[in-house]
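Kindly produce the complete structure, drawing on both the sequences and the hints.
There are 2 protein chains.
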Amino acid sequence: MSLVDLSKQVALGIDIGGTNTKFGLVNHRGEILVKGSIPTDEFETPEEFIDALYEKIQPMADEYCEGKEFEGIGVGAPNANYYRGTIEQAPNLPWKGVINFADLMTEKFGKPCKMTNDANAAALGEMMYGAARGMKDFIMITLGTGVGSGIIAGGHLIYGHDGFAGELGHTIVKPGGRKHWSTGSEGSLEAYASATGISITAKKMRAEFPESVLNQYPEEEIDSKTVFECAKQGDPTAIEVFRYTGQKLGEALANFVMFSSPEAILLFGGVIKAGDFILKPAKLHMERNLLPIFRNKVKLVFSELDEADAAILGASALVWEK
Amino acid sequence: MSLVDLSKQVALGIDIGGTNTKFGLVNHRGEILVKGSIPTDEFETPEEFIDALYEKIQPMADEYCEGKEFEGIGVGAPNANYYRGTIEQAPNLPWKGVINFADLMTEKFGKPCKMTNDANAAALGEMMYGAARGMKDFIMITLGTGVGSGIIAGGHLIYGHDGFAGELGHTIVKPGGRKHWSTGSEGSLEAYASATGISITAKKMRAEFPESVLNQYPEEEIDSKTVFECAKQGDPTAIEVFRYTGQKLGEALANFVMFSSPEAILLFGGVIKAGDFILKPAKLHMERNLLPIFRNKVKLVFSELDEADAAILGASALVWEK
Numbered sequence: 001m002s003l004v005d006l007s008k009q010v011a012l013g014i015d016i017g018g019t020n021t022k023f024g025l026v027n028h029r030g031e032i033l034v035k036g037s038i039p040t041d042e043f044e045t046p047e048e049f050i051d052a053l054y055e056k057i058q059p060m061a062d063e064y065c066e067g068k069e070f071e072g073i074g075v076g077a078p079n080a081n082y083y084r085g086t087i088e089q090a091p092n093l094p095w096k097g098v099i100n101f102a103d104l105m106t107e108k109f110g111k112p113c114k115m116t117n118d119a120n121a122a123a124l125g126e127m128m129y130g131a132a133r134g135m136k137d138f139i140m141i142t143l144g145t146g147v148g149s150g151i152i153a154g155g156h157l158i159y160g161h162d163g164f165a166g167e168l169g170h171t172i173v174k175p176g177g178r179k180h181w182s183t184g185s186e187g188s189l190e191a192y193a194s195a196t197g198i199s200i201t202a203k204k205m206r207a208e209f210p211e212s213v214l215n216q217y218p219e220e221e222i223d224s225k226t227v228f229e230c231a232k233q234g235d236p237t238a239i240e241v242f243r244y245t246g247q248k249l250g251e252a253l254a255n256f257v258m259f260s261s262p263e264a265i266l267l268f269g270g271v272i273k274a275g276d277f278i279l280k281p282a283k284l285h286m287e288r289n290l291l292p293i294f295r296n297k298v299k300l301v302f303s304e305l306d307e308a309d310a311a312i313l314g315a316s317a318l319v320w321e322k
Numbered sequence: 323m324s325l326v327d328l329s330k331q332v333a334l335g336i337d338i339g340g341t342n343t344k345f346g347l348v349n350h351r352g353e354i355l356v357k358g359s360i361p362t363d364e365f366e367t368p369e370e371f372i373d374a375l376y377e378k379i380q381p382m383a384d385e386y387c388e389g390k391e392f393e394g395i396g397v398g399a400p401n402a403n404y405y406r407g408t409i410e411q412a413p414n415l416p417w418k419g420v421i422n423f424a425d426l427m428t429e430k431f432g433k434p435c436k437m438t439n440d441a442n443a444a445a446l447g448e449m450m451y452g453a454a455r456g457m458k459d460f461i462m463i464t465l466g467t468g469v470g471s472g473i474i475a476g477g478h479l480i481y482g483h484d485g486f487a488g489e490l491g492h493t494i495v496k497p498g499g500r501k502h503w504s505t506g507s508e509g510s511l512e513a514y515a516s517a518t519g520i521s522i523t524a525k526k527m528r529a530e531f532p533e534s535v536l537n538q539y540p541e542e543e544i545d546s547k548t549v550f551e552c553a554k555q556g557d558p559t560a561i562e563v564f565r566y567t568g569q570k571l572g573e574a575l576a577n578f579v580m581f582s583s584p585e586a587i588l589l590f591g592g593v594i595k596a597g598d599f600i601l602k603p604a605k606l607h608m609e610r611n612l613l614p615i616f617r618n619k620v621k622l623v624f625s626e627l628d629e630a631d632a633a634i635l636g637a638s639a640l641v642w643e644k
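Each protein sequence line maps, in turn, to chains A and B.
Going by my numbering, the first sequence opens with residue 1, and the numbers climb by one from there.
Going by my numbering, the second sequence opens with residue 323, and the numbers climb by one from there.
Because the hints were derived from the structure by calculation, they are not lab data.
Since this is a predicted model, take the numbers as computed values, not measurements.
Just so you know, even glycine gets a beta-carbon here, dropped at the ideal spot from N, CA and C.
Heads up, some of the hints might be wrong.
[Unchecked claim] Partial list, computed: chain B residues near chain A (C-beta under 8 Å):
id, residue
1, Asp484
2, Pro540
3, Asn577
4, Ile615
5, Phe616
6, Asn618
In structure tokens, the structure reads:
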């Protein structure tokens with residue numbers, strides 16, 4: 001009789017970003033044995049990119065997986081499709097069209113490869129190693145340059161019929177509201193609650209309130225970091241920027257809760273550095289818009305994963321996913 | 323070796339409404355072998371109600387299940403909780419508080435009993451016997467006096483961490499919009515797209531347009547049926563009532579699609595009798611608010627189940643659910 005020794009299994013997690021690609025060999029406990037990175041945008045074809053990944057990773061795998069089992073590869077990438085193992089029309093990657101990325105990886109590495117978008121991967125990472133350990137129903141919201149999401153229901157990631165489920169950043173929170181700079185939609189969550197959205201709100205509000213400290217900064221420095229600095233100094237306009245952002249976020253979260261009734265909503269990404277300036281109004285407006293049966297039940301929590309490693313960990317979690 | 327003969331299995335489906343309770347014995351193909359009903363509101367305690375159900379059903383089961391397997395009981399009821407097998411604080415039922423309904427049923431009938439709310443049961447019924455056969459990802463929206471919903475993702479009903487998921491009728495489609503007559507929330511889908519919501523919209527709009535045919539009816543006859551009659555006659559105000567309703571519905575559907583990326587949205591209930599008057603604007607505004615990757619993919623379809631039997635069929639499907 002042979003039992004599977006989980007402690008000996010290793011997964012390769014790869015996070016493909018527009019500029020850089022990070023990777024790491026990860027064990028079942030979420031410990032990164034070794035990690036590294038290569039630039040993404042220096043390779044004209046996905047084949048060249050994968051060759052370069054292999055050159056860098058295989059020697060590490062040979063060294064660190066000795067006496068262990070290299071189980072497989074998980075990839076988080078923009079516009080990645082879970083069912084087809086493809087990257088499709090990703091605007092921020094150098095390779096256009098539909099790329100059969102998982103097949104190319106398996107061909108090169110001789111290992112099974114699964115992929116999904118970065119926010120879905122992040123949700124799996126939280127369930128496997130992070131703040132959502134033991135949870136079967138939660139929603140992960142990543143608040144960065146954009147707003148991404150991954151939804152876990154009944155212990156499984158929701159992929160939808162085509163593999164593209166969980167685009168909560170693009171749900172409309174204010175019909176006819178702010179036009180999105182890239183999608184053209186009006187009033188989406190991302191138009192308000194992303195770093196870009198916060199910057200737009202801040203520029204509008206400082207123009208209305210000439211006495212705001214925000215007016216002491218040049219245009220290009222009006223970002224969520226500067227707004228946070230000003231809010232900490234007590235500037236009412238900066239505080240109002242986050243309150244307004246939090247309200248929009250909270251209204252959206254209420255709708256998400258009435259969809260899948262999660263135990264918790266996990267927040268991740270640069271924007272959450274604003275802490276209670278955003279969290280308190282978000283919680284207030286979420287609760288206010290919920291049916292009574294959902295009130296005071298849903299935890300709003302911050303991610304427990306180190307931001308630098310979260311994407312690698314999330315991608316590796318795809319390998320363990322049943 | 324003994325194989326399970328599916329054709330011999332029978333499930334009891336029970337649909338509990340505020341006034342009447344309907345039940346039927348159903349086979350795997352969704353054929354109702356026998357059905358019946360008892361009043362709900364004549365029984366002061368759930369025990370008396372269950373005694374009366376048993377008196378009526380057991381002789382039928384003895385007759386129709388001869389040579390077959392009576393597998394179990396599925397119950398659709400307002401405020402029913404799947405995990406706990408309870409009916410909790412249902413405002414329209416005569417029994418208050420938390421009722422351990424499934425346990426009471428099992429005690430009396432000697433069969434396992436599962437329960438969920440009526441819209442969730444309807445979704446299971448569509449997957450098992452109706453328009454969603456073979457689908458693993460779809461959303462069922464019931465447009466009646468209220469707006470209910472059941473969400474199937476990856477072949478499973480989404481129950482959420484507490485069993486109350488899928489309250490899409492209460493998601494907010496217009497922040498700060500129309501106050502809901504019962505929940506007090508502002509701008510929920512139900513406030514616009516339910517029969518009650520349509521009646522409110524119609525009363526407002528006919529007051530604005532004195533020339534509308536709608537003004538020839540007394541106040542109490544302004545319901546979705548009357549609006550439909552007037553719309554068919556070409557009354558622009560009546561047509562606008564449905565267009566506005568369809569717009570709000572379509573905006574909500576876009577958000578639902580970006581959540582779980584369903585293959586189809588199934589519509590069911592009295593309101594859909596308005597047909598294209600509602601469906602066309604709903605489709606238009608759904609597509610308009612979707613990210614390009616979701617556009618022209620999601621089918622908007624009407625339920626295939628007979629409205630009179632759908633609730634019994636849906637409840638019975640709980641028994642077959644894995």
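Unmet hints by their number, sorted upward, for this structure: 2 and 6
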